[in-house]
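Construct all of the structure, not just a fragment, from the sequences and the given hints.
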Amino acid sequence: IDCISHFTFFYYPKLYTPGQRNMYFNRTSFLLCIMQSCYNSLILFFIPYAALHDTVRQDGREIADYQSFAILLQTCLIIVVNAQIFLDTWYWTGINHFFLWGSMAAYFALTFTMNSNGLFFIFPTMFHVFVSGTGRNSLNQPNTWLIIFLTCLLCILPIVALRFIFIQTSPTINDKARKYKMRRDEIPAISLRPPATRRVSKRSSYAFSHSQGYGDLVTSQKFLDKKTPRRPLLFVKSLCKLAHMIIFGFFVTFTQL
Amino acid sequence: MTTMKEEGNYANRPSNTAFTQQRLPAWQPMLSAGVVIPGFLLIGLAFIGIGVGLLITSRSIQVLELDYTGTETSSPCYQCTMSNQSNCVCKLSFSIGTLFKGPVFFYYGLTNYFQNQRKYGVSKDFNQLIGDVSYFKSPSSDCQPYQRVNGKPIVPCGAIANSMFNDTFKLYQIINGKEELVPFDGKGIAWWTDYNIKYRNPDYTPLKNAFNDTEKPVFWTKPAYELDTSDASNNGFINQDFLVWMRRAALPNFRKLYRRITEGNYKDGLPAGNYSLEISYNYPVISFEGTKKVTFSNVSWMGGQNEFLGIAYLVIGSMCVVMSVVMLIVYAKFRFPEED
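In the order they appear, the protein sequences are chains A and B.
Each residue of the first sequence is one higher than the last, beginning at 367 in the numbering used here.
Each residue of the second sequence is one higher than the last, beginning at 4 in the numbering used here.
What the hints contain is simulated information worked out from the structure, not anything from laboratory work.
Even for Gly, the Cβ is constructed at its ideal location relative to N, Cα and C.
Listed below are the simulated DSSO-like cross-link pairs for lysine-lysine, each with C-alpha atoms no more than 27 Å apart in a straight line:
| id | chain 1 | residue 1 | chain 2 | residue 2 |
| --- | --- | --- | --- | --- |
| 1 | B | 336 | A | 545 |
| 2 | B | 296 | B | 181 |
| 3 | A | 542 | B | 336 |
Computed footprint of chain A on chain B; a stretch qualifies when at least three of its residues, placed anywhere within it, have a C-beta under 8 Å from a C-beta of chain A:
| id | stretch |
| --- | --- |
| 4 | 39-47 |
| 5 | 118-128 |
| 6 | 187-196 |
| 7 | 249-258 |
| 8 | 309-318 |
Right under this line is the structure:
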């Protein structure tokens with residue numbers, strides 16, 4: 367999801383080129399995606415394998431049993447996938463926050479519920495496969511959390527580093543536009559020249575105003591009452607011109623006096 | 004005339020709320036140098052710190068491993084590997100140089116043993132193990148081929164229960180030429196949830212009556228209700244050794260807790276000296292090229308000895324620090340071009 371508004375796209379049509387040139391979904395990007403998935407899968411299995419192959423719990427009991435290993439891998443996977451979504455989301459509304467953090471919270475809630483004693487007593491035949499007690503017994507070990515921490519960061523950090531380096535060395539046009547927008551607080555259109563042709567129609571310019579602040583202006587019917595659409599920047603420009611003329615006039619008259 | 008048309012259009016106008024027009028307030032993060040480079044440096048340093056801590060903890064754990072498979076002729080247990088020896092006893096002598104700090108945990112380990120194989124793993128009847136007597140008469144078909152024998156149902160059925168580890172160990176310390184038994188503690192070696200919740204004995208007193216018209220597993224020498232006749236809370240399906248075995252391992256080389264050494268003179272650990280381990284060698288592993296061993300170990304906050312995690316943290320930490328330096332150089336050289 368891009369943070370660049372449609373208004374910006376109108377003045378910078380070059381921003382459409384990545385879509386037209388199929389830059390985001392072609393064979394190269396697909397291959398890169400597969401390579402990243404392979405790397406993630408190997409890390410997700412072999413790091414817990416090597417870390418658990420000959421160790422025990424804090425109290426000496428078993429930690430490397432089948433179900434604990436499965437829960438460990440599942441937890442790592444959920445965290446890595448959510449972190450990847452975190453990295454790929456550029457425009458965080460409340461909905462994004464809710465779904466991302468909500469899905470992680472739901473995973474942990476469901477894991478502990480499915481592994482709880484109560485549910486096991488109600489449905490012993492259904493939940494025996496699962497593991498009554500495994501969630502608690504394995505996820506309360508600091509060793510387990512250290513493994514999860516290492517695995518997730520090992521999957522995410524290379525992506526972050528590569529993205530940063532590519533943004534610095536060969537930024538795409540969207541990266542440049544984002545950086546531009548971050549540096550300028552105001553909407554860029556205000557300082558630009560007006561479009562070449564003036565629109566004479568009385569239809570509302572609602573379709574062009576997709577950034578905050580213009581919607582109210584358009585829907586308040588101000589434009590529909592006038593013969594030609596009066597745009598604020600024109601008004602400002604004409605005011606500036608008037609001011610210049612007045613000052614120049616005064617200057618001339620004063621020098622002639 | 005245009006006003007009438009426009010009045011009709013007003014009814015179809017889409018709603019102008021922030022949600023429907025995608026004007027919601029949003030946080031727009033940017034992968035900027037001010038966040039990424041210090042972030043990598045911090046993560047790298049934190050990892051190095053954690054790695055050093057883990058390595059130091061791991062190095063402080065003492066482990067003593069003794070293989071007793073008996074494949075070499077020089078091994079004390081060699082005669083037990085001869086075909087069809089039953090009740091063979093062999094003795095392993097070893098010595099400890101410094102005090103082995105307690106509490107000491109005593110494990111048996113197996114290699115090349117795939118408890119994680121799918122067919123092996125599903126081969127048990129869970130309803131029997133929860134104490135449901137109706138399933139004693141008709142075990143689940145998952146237990147094939149360990150479901151029935153001689154026309155009678157097997158309790159507990161299945162391959163996992165059938166292959167229960169049955170070597171027993173006694174440890175003696177040799178003081179002044181005399182053997183002194185080191186007391187073992189067998190309580191609480193399985194998970195609390197396994198013992199109290201997942202496995203239950205049928206509600207019969209005496210327990211033997213629940214097992215009428217059933218057979219013990221083929222490989223076992225004693226039926227389930229005689230696993231520990233001296234202690235009713237360790238008998239039947241809640242026997243600690245049985246529970247430890249039933250919690251199947253994820254990897255082919257594993258170790259399982261057998262006993263703890265925490266009592267009597269050995270509260271502080273095993274003092275330096277000569278020891279003798281008496282093994283009842285019953286479990287056959289040579290047919291599938293596995294090995295058997297015993298391990299003495301003490302534990303710490305991170306569990307048993309495992310150098311991999313410490314080393315991995317150190318390596319990744321140093322790589323993060325190197326990467327942050329590389330990214331700093333890249334950022335300085337290819338500073339973001341200031342163009343429209």
